[in-house]
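Protein chains: 2
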Amino acid sequence: MSAPRLAATRSGALESIRANIRAMQGYVPGEQLNDPDILKLNTNENPYPPSPRVFDAIKAVLTSDKLRKYPQPLGDSFRQSAGRVLGIDPDSILIGNGSDDLLTILTRAFVPEGGLIASPTPSYILYKSLAEIQGARFEKIPFTDDWQLRFPWPRAELAFLPNPNSPSGTVVSQNQIAELAGQVNALVLDEAYVDFAEAGALGSADSASRLNIIVTRTLSKSYSLAGIRFGYAIADPAVVRELIKVKDSYNCDVLSLAAAAAAIEDQEYFRSVKAKIVATRSRMGYELARLGFAVTPSQANFLWCRRDDHPVKPMYEELKRRKILVRYMNYDGYDGLRISVGTDAESDRLLAELKTIV
Amino acid sequence: MSAPRLAATRSGALESIRANIRAMQGYVPGEQLNDPDILKLNTNENPYPPSPRVFDAIKAVLTSDKLRKYPQPLGDSFRQSAGRVLGIDPDSILIGNGSDDLLTILTRAFVPEGGLIASPTPSYILYKSLAEIQGARFEKIPFTDDWQLRFPWPRAELAFLPNPNSPSGTVVSQNQIAELAGQVNALVLDEAYVDFAEAGALGSADSASRLNIIVTRTLSKSYSLAGIRFGYAIADPAVVRELIKVKDSYNCDVLSLAAAAAAIEDQEYFRSVKAKIVATRSRMGYELARLGFAVTPSQANFLWCRRDDHPVKPMYEELKRRKILVRYMNYDGYDGLRISVGTDAESDRLLAELKTIV
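Residue numbers (my numbering), protein chains in the order written: chain A, 299 to 656; chain B, 299 to 656.
Chain A with its partners taken away, still in its complex shape (with noise of 0.2 Å):
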C-alpha cells in the first residue's frame, strides 16, 4: 500500500474550513480512559451486558458474505423487530449510527445556516454543537427551578427536548410537551433515557401535539451497547423519507444492525436490567441524600447531585484518583456531579469513598 506523503506537510486547506467550525469548540464527550481498573460511572453506560441473544446474533452475521457486502440500507429487519416490538408502522421507523447520527440527520433536514435551534438548559450540550456545526444559531431556554419549562420559547426550526433531560433525569409533562411543539417549527424528542422512566410518569408525545414531533432513541443505554453505535427514530412515514435522503446510505453496519435487532426482541431480559437499575437508583439516591448532597429525583439512569456546602469539582478529582469516574458538570456556574447508576456493587464502592471524602 503506497503512503501518501502528504501527511508530512503543512496543508492550506486549514484557511479555507468554514469560519463558524473554526470558532467552535467542539463537544467533548466523557473520558474514555483504557484502564480497566477504573470504574466508569460518567457516561451512562449500562453496568449489565447486553442481552446473551446480541452475542449470536452478532456471531450469526460473521461470515465472510456479510463482511464483504454492503448491509440493508434502510435496516429492513430491525425496522420489522422493532416495529413489532413498539406495535408501530416500520416505515416510521429511522435507523440511526448511535442517536447523536440521528440529532445531526434532524439539524441538517430542518435547520438552514443562520437557522434557530432552541433546547432548555442546563441540558445536554451537543445541541449547541450541532447548531454551531450547521452554521445556525442557538438560543437556551432555562428550566424551572422544578425541571419545567419556562415559556414563551422562540419560534425555532428546530427545538430539542430530552425527555428524561440530562443532566437532572427529570421529565416534562405532556402538557408542556404540547405547548412546546406548538411554539416550534419541529420539536424532537430526545428520549435517550425514556427506557429507565417510570410508565404514567412519563410525559409521551401520545396525547401531546404530536403533528410536529419527532422522537429520538438509542439503544446504547437501556440495551447495554454504546459500542455498537445504534439509535433509531419515529416519525411519520412522509418525513421519514425526506430523512432518509440525508443519511449516509449504509450509516449502519452489518453487525450492529443483526445486535440492535436481538436486543430490542428480547424484551424480557431488558425489563430484567431496567427492574435491577431502577432498584438501585432508589437506594444510590437515598445513600447519597444521607451524604449531604442535594439529589434531583430521577427518571434516568444517573442521579444529578448538588451541594452547597461543598465544592464538588474536588469530589470528583478526589473520586478519579481513586479510580472512579463520575461526570463533573458546570452550567455558568450551576454545577454537580452526574453520576450513572451502576450494579448494587459499583454503587456500594462508590458510596464508601464518598464517605470518606465529604
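Just so you know, the hints here were simulated from the structure itself, not pulled from any lab data. Please note that the accuracy of each hint is not assured.
As the list makes no split between identical chains, a pair holds if one copy fits it or if it spans any two.
Calculated pairs, EDC-like style, for lysine to aspartate or glutamate (alpha carbon to alpha carbon, straight line, at most 16 Å) [what the hints assert, rightly or not]:
no., residue 1, residue 2
1, K618, D335
2, K621, E437
3, K364, D335
4, K364, D333
Starting from the known structure of chain A, arrange chain B on it as the hints suggest.
Frame of chain A, contents of chain B only:
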C-alpha cells in the same frame, strides 16, 4: 417498552423540512437484494473474504464490557496501526463510518450554504447529493474523451476528485491533480479504489501541490469490509483537528474499529487479494472487448463497458432476470454498464450469460 403512537398520525414536521431537502431526489445506492443466489457485480464489493485476522479481532472484542461501553472516540488503536502501515503520523488520520461519512464531514467543514462544490463528470453521483443536502451549488466539469481533467475549474469551496474514477476506473496524472488543487479552495482526492491501481499509474498527491488536499479511503473494497462501514481520511493534523469537531463523537463502533485495524495490518493478505483481482480484471476486460464492448482500461475493481451497436440497458435487465446484477449507469444519455470484478468463476458465469445475450 412504551410505544409512542404518534407514528399513526400525520406529521406537520414535513412542511418544516428545508426546501433543498424536499426538492432533491436523494442518492440511490446500488441495489442490495437479499437473494443469496444473485451474483452481485453492481456495487464493487470484493469477491474474496476479509483477512482471517478480521474474524479473530471481532471475536476478541465480542465481550460484554466492550459492547456496553462507548468506543474510542478517535479510534486511537486504528490510527496507530494505519500510521505504522502507511508510514504516516497517526494524528493525520481521521476515522469514518465508511468513506461516505468522511465525504459528509468534509462537505460540512468546507462548504457553507450557497457555496460551491465541483466534481468531474461522469463520476460518483453522491457528490451532487452532498451539495444538495448542504444547500450548496454543484458544478460538473466534463472529463476529456480520454478521462483527463479539462481546465479551468471554478474556484469551488470543495472539489471532489475520485482517483481512480467511477465509472471509468481511470486515473489522472499528478500534474493534473496539482493544477486542480491550485484552482479550488480545497481538494478531496477520493481514493476509494486506489488500492487496485498499479503503482506508477497513480497520480498520487505525493509530489502534487498537496497544500490543500485531503485524501479519503475506504476498507469496503480492497479489504472486503463493506458490511462493517469503515473509512479514513488523511490530512494535515491541524485540518484533522477541525474535522474532529464536525464528526459525531463516536462515529465508529468497537467491532468495526477492531476489524479495520486487523485488516490493515494484514498487508500480505491484502496483496494476495489485490493480485487476484488485478489478474481477473485483465482477463475480464479482454473477454468483454471480444464480446463487442468498448471497455475502458481500469485501475479499479470494476470495468466500464459501453457499446454503440446495441442499447445496454436491456442487457442489464436480462442479466438481472438471470440473477446477475451489474450497474446500469446513465449520465444524461451517456450510458454503460459498470461491472465489478468478481472471482474467476463469477467472471466466467457473467461472460457465459453475456455471450447468449449480445
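Verification of the hints:
Proximity of K618 to D335 under the C-alpha cut-off of 16 Å is restricted to the intra-copy arrangement: shortest distance 12 Å within a copy versus 55 Å between copies. In this assembly of identical chains, the alpha carbons of K621 and E437 never lie at most 16 Å apart, being 37 Å within a copy and 55 Å across copies at closest. Taking the shortest Cα distances, K364 and D335 sit within 16 Å of each other only across copies (14 Å), while inside one copy they are farther apart (35 Å). Proximity of K364 and D333 under a CA criterion of 16 Å is satisfied inter-copy only: 13 Å between copies versus 33 Å inside one chain copy.
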